[in-house]
Each structure stands twice: as structure tokens, then as C-alpha cells.
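Here the protein sequences come in this chain order: A and B. FYI, the numbering for the first sequence is 1 to 258, going by my numbering. FYI, the numbering for the second sequence is 1 to 397, going by my numbering.
Calculated from the structure, these hints are not laboratory results. A portion of the hints provided could be inaccurate.
Unchecked claim - Chain B regions said to be covered by chain A (calculated; three or more residues, Cβ under 8 Å):
1. 7–20
2. 161–168
3. 179–191
4. 277–289
Stated by the list, open to error - Sample of chain B residues with no beta-carbon within 10 Å of chain A, all distances over it, derived:
5. Glu-37
6. Glu-44
7. Gln-264
What the hints assert, rightly or not - When the alpha-carbon atoms are kept at most 27 Å apart in a straight line, the in silico BS3-like pairs for lysine-lysine are as follows:
8. B:Lys-8 <-> A:Lys-135
9. A:Lys-38 <-> A:Lys-93
10. A:Lys-38 <-> A:Lys-252
11. B:Lys-106 <-> B:Lys-50
12. B:Lys-68 <-> B:Lys-220
13. A:Lys-204 <-> B:Lys-26
14. A:Lys-135 <-> B:Lys-276
15. B:Lys-50 <-> B:Lys-220
16. A:Lys-115 <-> B:Lys-11
17. A:Lys-200 <-> B:Lys-26
18. B:Lys-364 <-> B:Lys-73
19. B:Lys-68 <-> B:Lys-361
20. B:Lys-26 <-> A:Lys-198
21. B:Lys-276 <-> A:Lys-115
22. B:Lys-252 <-> B:Lys-11
23. A:Lys-115 <-> A:Lys-89
24. A:Lys-135 <-> B:Lys-6
25. A:Lys-135 <-> B:Lys-11
26. B:Lys-26 <-> A:Lys-135
27. B:Lys-338 <-> B:Lys-261
For glycine and all other residues, C-beta sits at the position ideal for the given N, C-alpha and C.
Residues per chain are reported as follows:
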Amino acid sequence: MRKSLQQTIENRTLSEKAIIPYIMAGDGGFDRTLTAIKLLQESGATALELGIPFSDPVADGPIIEAAGIRALRSGVNITNTLSFLQANKDAIKIPIIIMTYLNPIFNMGVASFVKQAIAANVKGLIIPDMPIEEKELISAHLENTDLALIQLVSLTSSESRIAQIADQSEGFLYAVTLNGTTGSTATGDEQLQNHLRKVKSLSKIPVLAGFGIHDRHTAEIISQNIDGVIVGSAFVQALHEGNEEFIHTFFKNKVKLF
Amino acid sequence: MTTTTKGKFGKYGGQFVPETLMTALKELEEAYDQAKEDPTFINELQYYLKDYVGRENPLFYAEQLTKKLNGPKIYLKREDLNHTGAHKINNALGQVLLAKRMGKKKVVAETGAGQHGVATATVCALFDLECVVFMGREDVKRQELNVFRMELLGATVVPVDSGSATLKDACNEALRYWVANVEDTHYILGSALGPHPFPTIVRDLQRVIGDETRRQILDKENRLPDAVVACVGGGSNAIGMFTPFIEDSEVKMYGVEAAGKGIQSGEHAAALAELKEGVLHGCYMYLMQDDHGMVQEAVSISAGLDYPGVGPEHCHLKDLGRVQYSSATDEEAIEGFKLLSRTEGIIPALESSHAIAYAAKLAKEMSEDEIMVICLSGRGDKDVAQVKELLGGNVHA
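Let the hints inform the model, and build the full structure from the sequences given.
As C-alpha cells, then:
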């Protein structure tokens with residue numbers, strides 16, 4: 001089923017690249033999260049990826065892990081994050097994509113999680129420790145909903161596997177730009193460009209790249225052949241340090257189509 | 001629950017890993033499926049198990065312990081006599097041969113107490129592979145000598161500061177390292193845990209324990225044992241011991257987890273006592289976690305049992321009721337440690353001491369015409385300093 005998140009991204013890419021910032025729920029308190037979401041949506045974010053902290057975030061690098069630990073220490077969990085989203089759904093204008101690991105969802109109960117996420121107007125879901133072989137656990141609960149289950153492809157995925165994953169992804173296809181964790185440094189070299197071109201050619205839905213995109217310059221290079229980027233650690237760090245300037249600079253001129 | 005993944009034990013197991021690792025897992029599965037049918041690989045493994053590890057190791061009739069407990073006839077499977085002092089080498093050796101076969105240049109491993117790290121560093125030295133071992137900062141402090149051992153063997157030991165700085169966090173870092181270096185690196189996982197195909201590979205490489213035991217007991221007693229006891233952290237020595245007996249319904253099997261300061265205290269490592277299902281390190285299993293799905297710290301005197309989950313096949317055997325799982329506290333383990341040292345002149349690893357402690361209880365319910373086998377998974381040299389400190393230097397404490 002075609003989900004509205006895909007439409008949002010497709011609309012956006014008619015004139016410019018999609019930019020999806022990632023921030024950690026409740027890092028510095030939920031009030032600060034709401035302020036950040038407003039700032040990002042006013043700045044021109046296409047959608048927002050909201051991380052819900054997990055004790056063992058194996059796909060994340062040190063910056064996001066540290067944000068997760070701060071959030072966990074101040075009592076953030078999946079339940080109060082969903083309540084926060086529900087309470088503020090009128091103020092939040094851009095689609096929210098939840099990024100978390102399987103265990104917190106599993107612990108809550110998949111059916112209950114899906115019900116509350118839909119009630120909170122969540123439009124997408126990214127679970128980095130759930131490859132397509134295991135996705136039925138979640139996707140069985142998403143039929144006839146507008147909640148998109150976004151799948152990731154990696155540099156190590158074979159061509160046939162990329163095609164298979166692209167077919168099963170909803171909303172957009174998330175292309176991981178490096179072998180490593182979030183917050184490492186992507187290069188944007190020719191090898192990566194070739195990979196992204198290949199991913200794009202194999203996908204019927206929009207392709208966004210993420211992991212290792214630290215600044216606007218890298219975002220521009222990496223989004224050349226695809227539909228946009230996801231930027232995590234750099235925004236998490238900027239928000240933690242109260243560096244609003246970084247956000248303004250990042251969005252100052254939206255990334256144009258090349 | 002319906003999934004299409006291979007590598008499930010009932011509903012447990014699976015491959016809950018980032019996409020970046022899926023290709024490596026498939027490659028490993030294929031390499032292993034070929035290797036286990038290949039006489040060259042099998043012969044090479046046999047050769048090193050015999051001439052390097054020192055197998056087969058004895059099934060020792062513990063006559064003094066038998067007299068002392070006044071119950072069944074007790075045999076000890078002497079994994080403690082292996083090179084490097086524990087069963088861990090069986091797996092490390094098999095996996096390093098696999099890594100070599102796959103043309104990998106580097107090996108990464110996690111370690112808690114350091115036994116698996118030492119075993120991995122050992123086989124990497126033997127086969128001249130680069131070796132990186134992640135170890136929680138707390139464990140680095142607790143097990144200084146094992147750190148030095150690994151370094152002596154040429155491995156790089158990386159202390160892990162994230163999370164609780166123990167085994168679970170070392171696993172996180174090892175997985176991250178593997179993701180970043182997947183093209184030329186093999187991950188030698190130390191227990192029957194993690195994503196498919198690891199639980200199967202580790203079980204197959206450890207079943208030499210049970211295969212030998214079965215042969216040896218038939219040879220000595222002309223019948224199978226009535227009870228088999230093994231300690232369970234992730235559960236590799238236990239699954240290796242149990243596997244050849246699973247079809248023999250007359251053999252009762254007992255897995256002993258670490259109850260730490262007591263199950264009621266909440267400070268323990270007995271995932272099978274709480275029965276909460278969850279996903280960690282690529283595997284769906286029983287997992288200690290709080291009400292929001294955050295993984296809890298496991299607590300045990302024994303760093304080798306200090307893991308909040310338990311191997312997926314054990315979860316399945318638990319549900320089936322084929323294996324009885326129980327636990328022994330830190331205090332009971334110390335008693336087991338002292339008991340075997342005094343009765344048989346064998347100092348057991350603190351991990352294995354949990355099995356001894358439970359076996360001593362179980363013996364009371366058994367008669368003298370019955371036979372019990374305990375898997376003595378490792379030797380206690382590594383634990384002597386820690387136990388000395390705990391007892392305040394007084395063995396009679």
C-alpha cells in the first residue's frame with residue numbers, strides 16, 4: 001500500500017531535495033524536543049526522524065548513544081514519547097518517523113505500539129535491527145494503516161537484495177552510506193555515488209541516504225543522484241549544545257536539484 | 001509469530017541485525033554448511049582438537065565427591081583440562097578455521113571474564129590472524145591477568161566504556177566493529193547466542209563435549225547417565241553437553257543459571273527465571289529487561305555467566321520442558337568452588353562452580369545406583385584471586 005509519507009517526499013522532491021533531521025526524543029526534556037521540532041519544521045525539514053532511546057543501540061555511534069543515555073536517565077521511554085507526540089500532534093506539521101530498536105516495541109506489544117503510534121499521527125517507522133527476513137513481526141500489524149515501515153539497504157547488500165528490499169520498503173528507501181554506525185564520516189566519493197545511482201535505479205520509491213552526513217556540503221554531494229538525506233548525529237549534537245546557528249546554516253538555502 | 005528466517009529454535013533465534021551484516025551472515029552460513037561436509041575441514045578440526053587442545057579429555061569418576069554427597073555416582077567431564085583451561089577453545093578453534101577458509105584477515109571477539117577472549121587470541125596467534133577483543137572496562141579491571149594474556153598472545157584488547165562497561169556492552173562494540181570492518185573480518189562469537197547461524201555453529205562445535213561424554217559413559221558404565229548438569233550463561237558448554245542426549249528421554253538434563261545475590265533481589269543473571277522475551281544482539285530469546293524494554297544489567301560473581309539473555313535453543317528446550325533450568329547464587333557457587341577443591345583436588349571455574357553447587361543439591365534426591373555427569377566447563381585458576389578477596393583471605397570463611 002502506498003503511504004502518505006511517500007507522497008510527502010515525492011511532492012517535496014519536485015523542486016528540491018528532502019531533508020529529514022533525526023533528533024533524540026526527550027534529550028534535554030520534552031519541552032526542548034517540541035521547540036526543536038518547531039524550529040526544524042519552520043526551517044524546512046521535510047519530515048522528522050525521532051529516536052526513542054534503547055539501552056543497547058548497536059547501529060548508533062557515540063553521539064546518538066550519548067543522547068540516548070541522557071534521555072534514558074531522565075526517564076524517557078516509548079510510552080511517554082508516544083504520549084508527547086499525541087499531545088502535540090496539532091503543533092507538529094511535518095510527518096514524524098519513529099526510529100527505535102525492536103525490543104522496546106516488542107516489550108510494549110506490537111499491536112499496542114502500532115495503535116498508539118497511529119493515534120499520535122506517526123507516519124513512518126525505522127527499526128535498524130530488523131532486516132526484511134524478520135519484518136513480518138511488525139508489517140503484519142501495519143496493513144491498512146498509514147504507518148510506513150521504512151527498510152534500509154547497505155553498501156554490502158547485493159543488487160538483487162537491494163531490489164528485494166526496495167520492493168518491500170514503504171515511504172522511502174533508506175540507503176546507508178557507510179559500513180559503520182551513525183555519526184561516522186561518509187565520503188561522497190565516486191564509489192558511493194555509483195552505489196546510490198544503482199540503489200535509485202532499483203527503487204520505485206524515493207531514496208534517501210543517511211549515516212555520516214555531517215554538514216550541508218556533504219548533504220549536497222550525497223543527494224546528487226537520489227531524493228534526499230537523513231542527518232542525525234550532527235543535529236543531535238547541535239541541539240545538545242544549543243547551537244541553533246548550525247540548523248539555520250544547514251537550511252539557509254534548501255538543497256536544489258542538480 | 002510467522003517468519004521465514006532459518007535458524008529458529010521454536011520461536012527463538014533469528015537474525016535481528018543491521019542490514020550491513022546480513023550479507024556476512026549469509027556468507028558465514030554458506031561457508032559453514034560447506035565446511036561441515038568437507039572431510040578436509042573436519043580432519044583439520046579433529047587434528048587440532050587432539051594435538052593442540054588435548055582432546056579427548058577424561059570423564060573422571062569423582063569418587064570422593066560421590067562419597068561426600070552420598071547420592072549418585074558422579075562423573076566430571078574435564079573441559080578444564082583443555083588448552084587455555086575451558087571449553088571455549090572448542091568453538092574458537094572451529095571458527096578460526098572457518099575464518100581462514102573464508103579468507104578473512106581479521107577476527108573480532110567480545111569477552112566477559114576473558115576466557116573466550118583468551119581462546120580467540122590463542123587460535124589467532126596459532127593461525128596468524130589479526131585479533132581485536134572488546135572487553136568492558138569493569139571486566140578489564142576485574143580480569144587484569146587475562147588482559148595481559150591476550151596481549152601476550154598478540155591480540156589488541158579494547159576496553160569498552162559505554163553502558164554498564166561489561167559483557168553486554170562489549171558485545172555491542174564487537175558488533176559495531178564488525179559492521180565497520182565486515183569485508184575482511186570474522187566475528188568469533190563466544191556463546192550459543194547472537195544471530196543465526198552463530199547459535200547453530202557454536203552448538204555444533206561444542207557438541208564434542210556431549211559426544212565424548214556419551215561414548216565415555218557407555219564405555220565405563222555400559223549405560224547412559226540419569227542426570228546431566230551444566231552451567232548456563234549464554235549456554236555454550238551446556239548446549240554442547242546436552243545435544244547428544246536430547247533424544248534419550250531417560251537422561252534428565254539440568255541447566256544452572258547464575259542467581260547472583262538471589263532471584264528475589266533482582267540482582268542476578270537468570271534470564272530463564274524471569275521468562276521475559278526480547279531481542280538483543282541479533283537474537284530473539286528470554287532477556288532480562290525493565291518495563292520499557294531496556295536491557296537490564298546481569299549480576300553474578302562469575303563474569304562468564306554475566307549476560308542478560310540466554311541462547312535461543314535453551315529457551316526452546318525450556319519451553320519444551322526437555323531441560324530443567326534452575327539457578328545457584330553467588331554464595332552457593334563459592335561453596336561449590338570450595339567443595340570440589342577439597343574433595344577432588346580440582347579447582348573449578350566460578351562458572352562451573354554453579355553446576356557443582358546445584359549438583360550437590362540434586363544429589364540428595366538421587367540414589368546410589370544412579371549416575372550423574374557434571375560438565376566441568378573450566379578451571380578456576382583465573383578466579384583464585386577473586387575468591388581469596390571475597391573470603392577475606394580465609395578459606396574457612
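Here's how the hints hold up against the structure:
no. : hint                    : result
1   : 7–20                    : holds (count 7)
2   : 161–168                 : holds (count 3)
3   : 179–191                 : holds (count 5)
4   : 277–289                 : holds (count 8)
5   : Glu-37                  : 24 Å, holds
6   : Glu-44                  : 29 Å, holds
7   : Gln-264                 : 22 Å, holds
8   : B:Lys-8 <-> A:Lys-135   : 15 Å, holds
9   : A:Lys-38 <-> A:Lys-93   : 8 Å, holds
10  : A:Lys-38 <-> A:Lys-252  : 16 Å, holds
11  : B:Lys-106 <-> B:Lys-50  : 25 Å, holds
12  : B:Lys-68 <-> B:Lys-220  : 21 Å, holds
13  : A:Lys-204 <-> B:Lys-26  : 26 Å, holds
14  : A:Lys-135 <-> B:Lys-276 : 21 Å, holds
15  : B:Lys-50 <-> B:Lys-220  : 21 Å, holds
16  : A:Lys-115 <-> B:Lys-11  : 24 Å, holds
17  : A:Lys-200 <-> B:Lys-26  : 24 Å, holds
18  : B:Lys-364 <-> B:Lys-73  : 12 Å, holds
19  : B:Lys-68 <-> B:Lys-361  : 12 Å, holds
20  : B:Lys-26 <-> A:Lys-198  : 22 Å, holds
21  : B:Lys-276 <-> A:Lys-115 : 22 Å, holds
22  : B:Lys-252 <-> B:Lys-11  : 23 Å, holds
23  : A:Lys-115 <-> A:Lys-89  : 15 Å, holds
24  : A:Lys-135 <-> B:Lys-6   : 14 Å, holds
25  : A:Lys-135 <-> B:Lys-11  : 15 Å, holds
26  : B:Lys-26 <-> A:Lys-135  : 17 Å, holds
27  : B:Lys-338 <-> B:Lys-261 : 18 Å, holds
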